[in-house]
Structures are given as C-alpha cells and as structure tokens.
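Visitor: In case you want the letters, here they are:
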Amino acid sequence: MIKSFFDLLLTVLVVTILVVVVSTSSNLLWLNSMNMPIDFNLVTSTFLKDIVGMNFNSQIPLYLLISIPLILFLFCTKIISKRFLTNRIFPYVLSGGISMLLLMVLLPFALDNLEPISGSRTNIGKLCMTICGCLGGYLYGFRQIRNVDNEI
Amino acid sequence: MVLDKLGMLIMKYKQLALVILISILSVFLRSEDVDYNYTIIAEGLDRPWSLAVIDDKNIIFTELSGNLRQIKDGKLLSAPVAGTPEVLFKGQGGMSGVVLDPDFQKNKVLYLAFSARDEGARTNTLKVIRAVLSGNELKDVNEIYSAFPSRNTALHYGAKMVFMDDGTLLVTNGDGFNYREKAQTLDNHFGKIVRINSDGSLPEGNPFSDDPNALPEIWSYGHRNPQGIINYKGEIYGLEHGPMGGDEINVIKPGNNYGWPAITYGKDYNGSVISPFTEMQGMEQPIKYWVPSIAPSGMMLYDKDLFPEWKGSIFVSSMKPGSVRRLELKENKIIKDHIIFDDLSRIRDIAFLPNGSILLATDGSGGEIISVQPN
Chain X
16 MIKSFFDLLL TVLVVTILVV VVSTSSNLLW LNSMNMPIDF NLVTSTFLKD
66 IVGMNFNSQI PLYLLISIPL ILFLFCTKII SKRFLTNRIF PYVLSGGISM
116 LLLMVLLPFA LDNLEPISGS RTNIGKLCMT ICGCLGGYLY GFRQIRNVDN
166 EI
Chain F
150 MVLDKLGMLI MKYKQLALVI LISILSVFLR SEDVDYNYTI IAEGLDRPWS
200 LAVIDDKNII FTELSGNLRQ IKDGKLLSAP VAGTPEVLFK GQGGMSGVVL
250 DPDFQKNKVL YLAFSARDEG ARTNTLKVIR AVLSGNELKD VNEIYSAFPS
300 RNTALHYGAK MVFMDDGTLL VTNGDGFNYR EKAQTLDNHF GKIVRINSDG
350 SLPEGNPFSD DPNALPEIWS YGHRNPQGII NYKGEIYGLE HGPMGGDEIN
400 VIKPGNNYGW PAITYGKDYN GSVISPFTEM QGMEQPIKYW VPSIAPSGMM
450 LYDKDLFPEW KGSIFVSSMK PGSVRRLELK ENKIIKDHII FDDLSRIRDI
500 AFLPNGSILL ATDGSGGEII SVQPN
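As given, the protein sequences belong to chains X and F, one line each in that order. Following our numbering, the numbering of the first sequence begins with 16 at its first residue and continues without gaps. Following our numbering, the numbering of the second sequence begins with 150 at its first residue and continues without gaps.
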C-alpha cells in the first residue's frame with residue numbers, strides 16, 4: 016500500500032516535470048522563431064523558474080492539477096487490472112495518456128475556453144501532454160508489475 | 150548624559166522605534182497634501198466600464214452588462230439608452246468603450262466598442278459602432294469596425310478608443326488570452342491598436358498599408374490588453390493591463406512593436422515565464438511599468454486648474470487593490486508615482502469634467518460614479 020502510494024507520488028512528480036518541459040520548450044521554441052537569442056543557460060534557468068513558478072507561484076499548482084485525474088485513472092486501472100488478473104503495462108500507459116488528454120480538453124470547458132497551460136494550446140502541445148501522461152502511466156505500470164513479480 | 154539615556158532607550162526599543170519611523174515616513178511618502186472630497190453622482194450601477202464626458206452636468210457611460218447610460222443635468226436617467234446593439238456579456242466581454250465624436254456638440258455622434266457573438270457560431274469578436282444620440286436613444290447605428298479574426302475566448306478585448314488630432318479613430322484590441330503570440334504577427338487584430346476613419350474607412354498614412362501581409366488598419370502592435378488610450382496634444386499614451394506584473398504605459402507611435410509577449414516584465418498566471426526577455430532591439434520600452442500588477446483599467450491626463458498640484462499628471466485607475474496612481478510626467482518620462490483615492494473600491498475608469506473635477510467609476514455590480522473636488 017505504502018509502496019503503491021509512493022509510486023503514485025513518483026509518477027505525479029515525473030509527469031509534472033515532463034509537462035513543464037513541454038510548456039517551457041513550446042514557449043522558448045516560439046521565442047526562438049522570433050529570432051530571440053536562446054542559449055543553453057537560458058533554457059536551463061527558464062526551466063528551473065517554470066518548475067518553481069508553475070508549482071508554487073501559480074493560482075492552481077500544476078502538480079495538483081495533474082495529480083487529480085492521473086491518480087484517479089491509474090488507481091482505477093490498478094483495481095481493474097487486479098480484478099481481471101492482467102499483468103500488462105499497456106492499460107497503465109493508456110490510462111495515463113487519457114487522463115492528461117482529458118485534463119487538456121476539459122480544462123478549457125471549465126474555464127470558458129481559456130487554456131491556462133500555454134504549452135497545450137496547440138494540437139501538437141496536447142499530443143505532447145498526452146505522451147507525458149503515457150510515460151507516467153508506463154512508469155507506474157512498470158513499478159506495479161515489478162512489485163507483483165517480486166511478491167510471486 | 151541625556152543623549153546617552155536616549156540612545157539606550159532607542160537601543161532597548163529599537164524595533165518599536167523602527168516601526169514608528171517607517172509609519173511616519175510612509176504617511177509622508179503617500180500623502181498628497183491635497184484636500185478633497187467625494188460626491189456620489191450615480192449609484193447602484195451594473196459594472197460601469199467606460200466614461201465619456203459631454204460637459205460638467207452631462208456624462209455618458211457604459212455598463213459591461215450591455216447598457217449605455219446617461220447622467221443628464223447631474224441626474225442619472227433611470228432608463229438605459231435605447232437602440233444599443235446586442236452584446237456578448239461574458240467574462241470580460243460586454244458593452245465596453247465609449248467615446249464622443251470631436252464634433253459631438255453639433256452632430257451628437259458617439260462610438261461604442263463591445264464584444265459581440267458571431268452569428269450562428271460559437272465565436273465572438275470586438276466591434277465598434279457609430280451612432281447618433283437622440284434624446285435617450287441611439288439612431289443611425291452603423292458598424293464601422295470588426296476585429297479579425299474571431300476568437301472563442303471572452304477575455305482581453307482592449308476596447309478603448311480615442312480620436313487623434315487629424316480626426317481618425319484609434320481602437321485598442323486585446324490579445325484574446327489564448328492568442329497572445331498573434332500579437333507579434335500583422336495578419337490579425339489580436340494585440341493591435343488600429344486606426345480608422347470615423348466612418349470605418351481606411352485613412353491614409355497607416356504604417357503597414359503597403360504591406361501585403363499586414364492588415365492595413367494596424368497602427369501599432371505587440372500589445373496585451375490595452376485598457377486605456379489618451380491623446381494629449383497629439384501624443385498618444387497607451388495603458389496596458391499586464392499578466393502577473395508587467396502593467397505598462399507606452400507612448401504609442403505608428404508602426405512600433407511594443408513587444409508582447411516576446412518581451413515583458415510580467416509572469417503568466419500559471420506561474421511560468423512568458424519570456425525571459427524584458428527588452429530587445431526593435432521593441433519599445435514602456436515609460437512606466439508595475440511589478441507586481443496594479444490591474445490598471447483606465448487613464449487620463451489631467452489638464453485643469455481645479456487641482457493645480459495635479460496639473461499635467463497622468464492618472465491611472467487601478468483595481469488592485471483599488472486606487473488611482475498619479476504619475477508625474479516630465480518630457481515623456483514618469484518621474485514619480487503617487488497612490489491616491491485608495492479608500493474606495495476597485496476603480497474601473499477615470500475622467501475629468503471641464504470644470505476640473507475628477508470622475509471615478511467604481512467596478513462591479515453596485516458600482517458608483519463619484520466626483521472628486523477640492524474642499
């Protein structure tokens with residue numbers, strides 16, 4: 016139980032970092048397209064500022080926003096997987112991806128079409144965010160399956 | 150001996166002494182040495198948004214919910230002006246800017262900027278109409294401007310207007326929130342100030358009229374949500390509502406790029422960096438910016454003698470926390486920033502009457518229009 020909870024926290028942490036990477040990258044890529052001088056130091060410092068800013072200086076902390084659908088979906092997937100005695104990673108990958116896609120699609124519905132995460136305003140951005148969810152699902156699924164194998 | 154004792158006392162209570170000193174200093178720093186009083190001239194209003202002054206006793210103003218209202222001979226008419234266009238009242242959208250024609254005393258023409266839903270679509274846009282005020286009714290209503298393209302958000306319209314000395318009209322357009330990057334391209338009206346004739350036609354002399362990739366109405370670009378624009382002796386000042394920090398006052402010149410969102414002093418509401426740059430060649434610097442944000446909403450340049458100490462200052466109404474900033478202006482540079490009228494609520498717009506009294510519109514339902522005059 017504690018292991019599973021730790022795995023969820025780890026997954027939220029990883030997905031949050033990946034979402035910040037996508038958001039920062041989309042911003043800096045646009046600035047680069049405007050011929051603004053982007054270098055490695057600037058990329059690093061902006062990413063670190065975004066990690067802090069989006070999680071601790073935001074009206075809604077990013078980790079909280081991500082954790083609600085992600086934990087819900089992964090937890091349900093775990094229960095369903097146990098019920099049907101499947102020991103496959105794919106359902107976790109799928110549910111991680113769906114949770115992020117739903118977040119990106121439903122958030123504007125709740126906020127009068129406003130897209131608060133700037134990196135997800137384009138379809139490519141939404142796809143990248145979904146992939147972040149898939150990777151998070153993969154990580155969580157991998158650890159669950161390994162735990163089951165260890166128990167056996 | 151006495152000095153020693155005093156010194157010991159100060160050392161003993163140094164924290165208390167520091168607090169007292171700071172309190173005294175802050176009172177002196179904030180005081181304006183101008184004695185004034187407030188008179189409420191209209192109350193119970195539904196989100197008053199923009200003021201237009203006809204004369205000392207007659208004022209026109211908009212309510213965001215969709216009304217145009219009149220104060221006639223010093224009294225608020227209970228009925229809104231009839232014949233106004235249907236608006237989209239949502240988010241920050243609604244009946245927004247109002248400006249009088251330079252010949253209003255003769256022709257009774259006024260201009261309204263508002264958000265309107267596109268027919269049969271889920272999108273909306275900023276529109277400007279020209280109409281004649283006849284009694285308490287609008288007649289000869291003609292649409293003279295519609296921002297391109299439409300948007301699906303109801304934020305950041307800009308929607309303020311001012312006449313230039315040559316009789317052309319400047320209209321501010323916000324970036325629509327989701328479309329901020331478009332403020333840097335010239336094929337759309339997001340984040341632009343446009344210049345049109347008072348009948349909606351295209352005037353000569355717009356900076357991008359010969360550029361086939363640009364919309365010919367564009368006068369300046371790189372704006373976020375310009376919520377104030379004034380013309381003082383031919384100089385145009387624009388007031389920009391920034392994100393978290395980065396509210397700005399700019400001197401608006403044709404063809405200039407004011408940088409949003411490539412350069413900014415603000416941060417995104419989600420806490421992320423919008424741009425790590427605050428300046429760049431080819432992009433204009435503001436003459437004043439605020440970090441943290443003061444949520445500016447309206448602007449005027451006071452040019453009357455009723456408050457002689459304030460003559461020549463720019464006044465910016467603000468909603469955070471609810472006050473007015475008086476900015477001393479010298480050769481297009483802001484040299485001092487004073488906080489005044491901070492005992493009211495959020496202030497949505499500011500103007501002055503020909504007699505020199507200052508008009509304030511407080512925000513929200515139950516808004517008021519307040520006149521400020523010296524004691």
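Hints are not guaranteed to be accurate.
To be verified - To be clear about the criterion: a stretch of chain X counts as covered by chain F if any three or more of its residues have a C-beta under 8 angstroms from a C-beta of chain F, and this derived list gives those stretches: (1) 70-77; (2) 83-89; (3) 129-136; (4) 149-158.
Said to hold, decoys possible - List time: in silico DSBU-like cross-link candidates among lysine-lysine, alpha-carbon distance up to 35 angstroms: (5) K206(F) <-> K482(F); (6) K453(F) <-> K437(F); (7) K206(F) <-> K479(F); (8) K453(F) <-> K485(F); (9) K64(X) <-> K224(F); (10) K479(F) <-> K453(F); (11) K453(F) <-> K382(F); (12) K141(X) <-> K255(F); (13) K460(F) <-> K437(F); (14) K64(X) <-> K239(F); (15) K141(X) <-> K64(X); (16) K239(F) <-> K141(X); (17) K64(X) <-> K469(F); (18) K64(X) <-> K257(F); (19) K239(F) <-> K402(F); (20) K402(F) <-> K257(F); (21) K141(X) <-> K469(F); (22) K255(F) <-> K331(F); (23) K402(F) <-> K453(F); (24) K255(F) <-> K64(X); (25) K382(F) <-> K255(F); (26) K482(F) <-> K460(F); (27) K402(F) <-> K64(X); (28) K64(X) <-> K18(X); (29) K453(F) <-> K64(X); (30) K257(F) <-> K224(F).
Everything labelled a hint here was simulated from the structure, so no lab data went into it. For each residue, glycine too, the CB sits at the ideal point set by N, CA and C.
Visitor: Take a quick look at whether K239(F) and K402(F) sit within 35 angstroms of each other, Cα to Cα.
Guide: 32 angstroms, holds
Visitor: Keeping to a limit of 35 angstroms between CA atoms, is the pair of K460(F) and K437(F) held or broken?
Guide: 19 angstroms, holds
Visitor: Is K141(X) within 35 angstroms of K469(F), Cα to Cα?
Guide: 34 angstroms, holds
Visitor: Can you confirm whether the C-alpha distance between K64(X) and K257(F) stays at or below 35 angstroms?
Guide: Roughly 54 angstroms between the alpha carbons, so the hint for K64(X) and K257(F) is violated.
Visitor: Within the assertion that chain F covers the stretch 149-158 of chain X, do at least three residues meet a Cβ-to-Cβ distance smaller than 8 angstroms?
Guide: Since 0 is below three, the answer is violated.
Visitor: Checking one constraint from the list: CA of K402(F) to CA of K257(F), max 35 angstroms. Satisfied?
Guide: Distance of about 30 angstroms is within 35 angstroms: holds.
Visitor: Taking only the CA atoms, is the gap from K255(F) to K64(X) under or equal to 35 angstroms?
Guide: 57 angstroms, violated
Visitor: Hinted pair, alpha-carbon criterion (35 angstroms max): K64(X), K224(F). Please report holds or violated.
Guide: 53 angstroms, violated
Visitor: Is the straight-line distance between the alpha-carbon of K382(F) and that of K255(F) 35 angstroms or less?
Guide: 22 angstroms, holds
Visitor: Need the status of pair K402(F), K64(X): alpha-carbon distance at most 35 angstroms?
Guide: Given pair K402(F), K64(X) holds - Cα atoms ~34 angstroms apart, limit 35 angstroms.
Visitor: Okay, the stretch 83-89 of chain X and chain F, do three or more residues pass the C-beta test at under 8 angstroms?
Guide: violated (count 0)
Visitor: Hint check: K64(X) vs K18(X), CA-CA at most 35 angstroms. Holds or violated?
Guide: Holds: K64(X) and K18(X) sit about 31 angstroms apart, inside 35 angstroms.
Hint check: violations occur at hints 2, 4, 9, 12, 18, 22, 24 and 29; the rest are consistent with the structure.
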